[in-house]
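*Asks:* The residues making up each chain are set out below.
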Amino acid sequence: MQTKRAMILVSNDPESIRLGADDLVKSLNDALAAYELQDEVDVSTIGDVGRADILPLVIVYPEATVYGPVKAGDARYLVEEHLYKGRVATDLLAPPKQLSGHIGWLRTRKGYNPAEQRVVLERAGRIDPDDIEDYIAHSGYEALGKAVTEMTPMQVIETVEKSGLQGRGGAGFPAGRKWRFVRGAEGDKKYVICNADESEPGTFKDRVVMEGDPHQVLEALAIAAYAIGADEGFIYIRGEYGVAYQRLEKAIRQAEEFGFLGNNIFGTDFNFHLHIHAGAGAYVCGEETALIESLEGKRGEPRTRPPYPTTNGLWNKPTLVNNVETLSNVPAILRNGPEWYKAIGTPSSPGTKVYTIMGNINFSGVIEVPMGITLREVINIYAKGMKPGSTFKMAQTGGASGSIIPAALQDTPMDFESFRKAGVSLGSGALLICDQNVCIVDLVKVLLQFFRFESCGKCTPCRIGTQRSYEIVERITQGQGQLEELDKLLEMAAEMERASNCGLGQTASAPVRDMLKHFRTEVEAHIRLGICPTGVCPMVVEEEAAPA
Amino acid sequence: MPAIKSLDELKRIREEALKKKEMKTASGSIQVIVAMGTCGIAAGARDTMKSVLNYIEENKVSGVSVTQTGCIGMCEHEPIVEVVVGEQPKVYYRKVNAEVAEKIMKEHVQGGKPVESNILPLQV
Ligand SMILES: Cc1cc2nc3c(=O)[nH]c(=O)nc-3n(C[C@H](O)[C@H](O)[C@H](O)COP(=O)(O)O)c2cc1C
Ligand code: SF4
Chain L
0 MQTKRAMILV SNDPESIRLG ADDLVKSLND ALAAYELQDE VDVSTIGDVG RADILPLVIV
60 YPEATVYGPV KAGDARYLVE EHLYKGRVAT DLLAPPKQLS GHIGWLRTRK GYNPAEQRVV
120 LERAGRIDPD DIEDYIAHSG YEALGKAVTE MTPMQVIETV EKSGLQGRGG AGFPAGRKWR
180 FVRGAEGDKK YVICNADESE PGTFKDRVVM EGDPHQVLEA LAIAAYAIGA DEGFIYIRGE
240 YGVAYQRLEK AIRQAEEFGF LGNNIFGTDF NFHLHIHAGA GAYVCGEETA LIESLEGKRG
300 EPRTRPPYPT TNGLWNKPTL VNNVETLSNV PAILRNGPEW YKAIGTPSSP GTKVYTIMGN
360 INFSGVIEVP MGITLREVIN IYAKGMKPGS TFKMAQTGGA SGSIIPAALQ DTPMDFESFR
420 KAGVSLGSGA LLICDQNVCI VDLVKVLLQF FRFESCGKCT PCRIGTQRSY EIVERITQGQ
480 GQLEELDKLL EMAAEMERAS NCGLGQTASA PVRDMLKHFR TEVEAHIRLG ICPTGVCPMV
540 VEEEAAPA
Chain D
0 MPAIKSLDEL KRIREEALKK KEMKTASGSI QVIVAMGTCG IAAGARDTMK SVLNYIEENK
60 VSGVSVTQTG CIGMCEHEPI VEVVVGEQPK VYYRKVNAEV AEKIMKEHVQ GGKPVESNIL
120 PLQV
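Sequence order for the protein chains is L and D.
Just so you know, numbering that gives the first Met the number 0 puts 475 at position 476 of the first sequence, and the rest follows in order with no gaps.
Just so you know, numbering that gives the first Met the number 0 puts 94 at position 95 of the second sequence, and the rest follows in order with no gaps.
Calculated from the structure, these hints are not laboratory results.
Every residue, glycine too, gets a C-beta built ideally from N, C-alpha and C.
Errors might be hidden in some of the hints.
[As the list claims (entries may be wrong)] In silico BS3-like pairs for lysine-lysine, Cα to Cα no more than 30 Å straight-line: (1) D:Lys-19 to L:Lys-145; (2) D:Lys-20 to L:Lys-249; (3) L:Lys-161 to D:Lys-20; (4) L:Lys-383 to D:Lys-23; (5) D:Lys-4 to D:Lys-23; (6) D:Lys-23 to D:Lys-49; (7) D:Lys-112 to L:Lys-249; (8) D:Lys-105 to L:Lys-341; (9) D:Lys-10 to L:Lys-145; (10) L:Lys-249 to D:Lys-105; (11) L:Lys-70 to L:Lys-84; (12) L:Lys-145 to D:Lys-4; (13) D:Lys-4 to D:Lys-59; (14) D:Lys-102 to D:Lys-19.
[Stated by the list, open to error] Chain D stretches covered by chain L per the calculated footprint, using a threshold of three residues with CB under 8 Å from any CB of chain L: (15) 43 to 53; (16) 97 to 105.
[Claimed, not checked] Here are a few chain L residues that face chain D, going by a calculated C-beta distance under 10 Å: (17) Phe-203; (18) Ala-243; (19) Arg-334; (20) Glu-338.
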């Protein structure tokens, strides 16, 4: 794919199709060709936009101008005005009303990128993270004050529930429900833990939040503690995050001085003490029960569940574990209300998502976008297109535990529900974009290498399964692969999913499955023809690759 | 700092903080903000910061406040430096190494002319 300067999205829900969306797409393509714009502008489709009155609807990026209803006969005029002459075709503009379906918020243009909406990263990069007053000047600690002086813990929980906030640490569990569980669990001592272990390869969104806006994390933790009835909390932070650690430490000291942490917060009888603890560099310690073991000073191995941390967590007390990004949404939700939050993103996955984007694209970095944006939009708008000469082949979401997204799923809205339906996962929020020169077998080998190294070894399916899977895939890259072994890979995948004790073993074979589902021909070329189509794999047993 | 005991008190502190910020921009003074996330630091932001501070000291520049901030998501362009002169729009610079930092201090902060070669076109 070339770098495109613009993109046209056409709604193609059944109603739009009935009203001629297919002809419209064709006419738009013809019109682009007539103005020789076909290499500069992409035409693509989106599903239900939640507005029946203006279908078929057309959105032109990067301006995110919304037109509708647009007929096939309008296509030429629209292309001439907007894309050739570069001005808005005013008479086709959709009547203003907030879209309520997918990518609703993309209409507003704000921030650096065309339609970036920042909730979690609202202040990051704009305030001095070492200065608590800068945070306060930007509405900091208002939500905490409101919660403890004007709301009951139950009201806080209900607000979070109503907002529809889901966990951003990987699993997407409804945050409010988890809070309610911990609130309801028996025990007079409870804990909150912020999971800041972030060890997925390529993911560093939590780091950006903690380094750029540490007080937001503290405020959210204090709110969560108030809601569930905890008086003590921990931030478990990845050991390599030195800068974030220092900023958080400093922030804790400042917050204690200002009375946002400690005893009698905001003059009430709510007390909350916060500690920070650095991990020692094991990926598995991001798993919440391994994290708790590690905090207790034991070896970081996942526990057998049930019981879950919500009832038997840190030192066997009810414990709330939430990811940095999940928590960072909370102050804004309390300040602006759950309805405000729900208007962002999609109905089933409200809010925004922070992604780190990288790979064969023109712009790598961190973005915060509404849930429900598609991969194609991310690549064309935020990543400024594929690198010259690069064509999209696949994307890997969320470091190692994510999925491999083939080109066919480029237009699937990236939210929890749509991805679940498509059989893929959002993972932890990294998007590694790969072009035609990346070999699928090599990529999966690298991922399995990571898993076999990071498996804690507590249970057999994962300990042995990751190792054996790696060996088979490695043999394929050395020209020694066997077709029967592909079935073996799938058999092992099924066993690992069924019998592993924690998420690591349960998801370690996902890349293998994705590889065989979407790229089987390429894998078989390695085995049947003895060639690596991309020329990446050595296809011989190299000396250093041979078993020692 | 005695602990804040109510929302009203928080509001007061907030207003004071905002006023302080306003004073920084209104009085025609200049802010130099260096992005110091891990990405910035890895790209050399500490040297950039040093260079800015050195320049100020060596040339006895006054009326300039130097602060830091986190990552705004454009790790690729780091080290990023923002310069705000009075109420003029913020100027973002990309790839500011020690040398460029010195140039920015001399030509933009002191001379009033932005250093075109390193401007990062942003609408914020
Ligand atoms: C191997 C493994 C690693 C994990 N690493 C992290 C991590 O680094 N950060 C994180 O927030 N969650 C991680 N999780 C998910 C946590 O177990 C847990 O679901 C999460 O912290 C819950 O927070 P949330 O509900 O806010 O998403 C990991 C899970 C597994 C199985
Ligand atoms: S699945 Fe793997 S990482 Fe998880 S407990 Fe078992 S061996 Fe350890």
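*Asks:* Against each hint, give a clear statement of whether it holds in the structure.
*Replies:* Hint by hint, here is what the structure shows:
1. Of the supplied pair hints, the one linking D:Lys-19 and L:Lys-145 holds, its CA atoms being roughly 24 Å apart against a limit of 30 Å.
2. As the CA atoms of D:Lys-20 and L:Lys-249 are separated by approximately 21 Å, the hinted pair is consistent with the 30 Å bound.
3. Under the criterion of a C-alpha separation no larger than 30 Å, the hint pairing L:Lys-161 with D:Lys-20 is inconsistent with the structure, at around 36 Å.
4. For the suggested pair L:Lys-383 and D:Lys-23, the alpha carbons sit about 36 Å apart, so the restraint of at most 30 Å is broken.
5. The suggested pairing of D:Lys-4 with D:Lys-23 holds, with an alpha-carbon distance near 28 Å, which does not exceed 30 Å.
6. Note on D:Lys-23 and D:Lys-49: the hinted pairing holds, with a Cα-Cα distance of about 22 Å set against a maximum of 30 Å.
7. Distance check on the hinted pair: D:Lys-112 and L:Lys-249 sit about 37 Å apart at the alpha-carbon level, beyond 30 Å; violated.
8. In summary, the hint linking D:Lys-105 to L:Lys-341 is not supported, as the alpha carbons are separated by about 48 Å, beyond the 30 Å threshold.
9. Of the pairs offered as hints, the one joining D:Lys-10 and L:Lys-145 holds, with about 12 Å between alpha carbons and a cut-off of 30 Å not exceeded.
10. For the proposed pair L:Lys-249 and D:Lys-105, the alpha carbon gap of about 33 Å is over 30 Å, so the pair is violated.
11. A distance of roughly 20 Å separates the Cα atoms of L:Lys-70 and L:Lys-84; the hinted pair therefore holds under the 30 Å criterion.
12. Our distance criterion of 30 Å between C-alpha atoms is met by L:Lys-145 and D:Lys-4, whose separation comes to about 12 Å.
13. Restraint check for D:Lys-4 and D:Lys-59: not satisfied, since their Cα atoms lie roughly 42 Å apart, outside the 30 Å limit.
14. Annotation: proposed proximity of D:Lys-102 to D:Lys-19 holds, straight-line Cα distance about 28 Å (limit 30 Å).
15. Counting residues of the segment 43 to 53 of chain D whose CB lies closer than 8 Å to any CB of chain L gives 0, which falls below the minimum of 3, so the coverage claim is violated.
16. With 0 residues having a Cβ less than 8 Å from any Cβ of chain L, the segment 97 to 105 of chain D misses the three-residue criterion, and the hint is violated.
17. Interface restraint check: L:Phe-203 against chain D, minimum CB-CB distance 8 Å, threshold 10 Å, status holds.
18. The beta carbon of L:Ala-243 is positioned within 10 Å of a beta carbon in chain D (closest approach about 8 Å), and the interface hint is therefore held.
19. The criterion of a C-beta within 10 Å of any C-beta in chain D is not met by L:Arg-334, whose closest approach is roughly 12 Å, and the hint is violated.
20. At a threshold of 10 Å, the smallest CB-CB gap from L:Glu-338 to chain D is about 22 Å, leaving the interface hint violated.
Hint check: violations occur at hints 3, 4, 7, 8, 10, 13, 15, 16, 19, 20; the rest are consistent with the structure.
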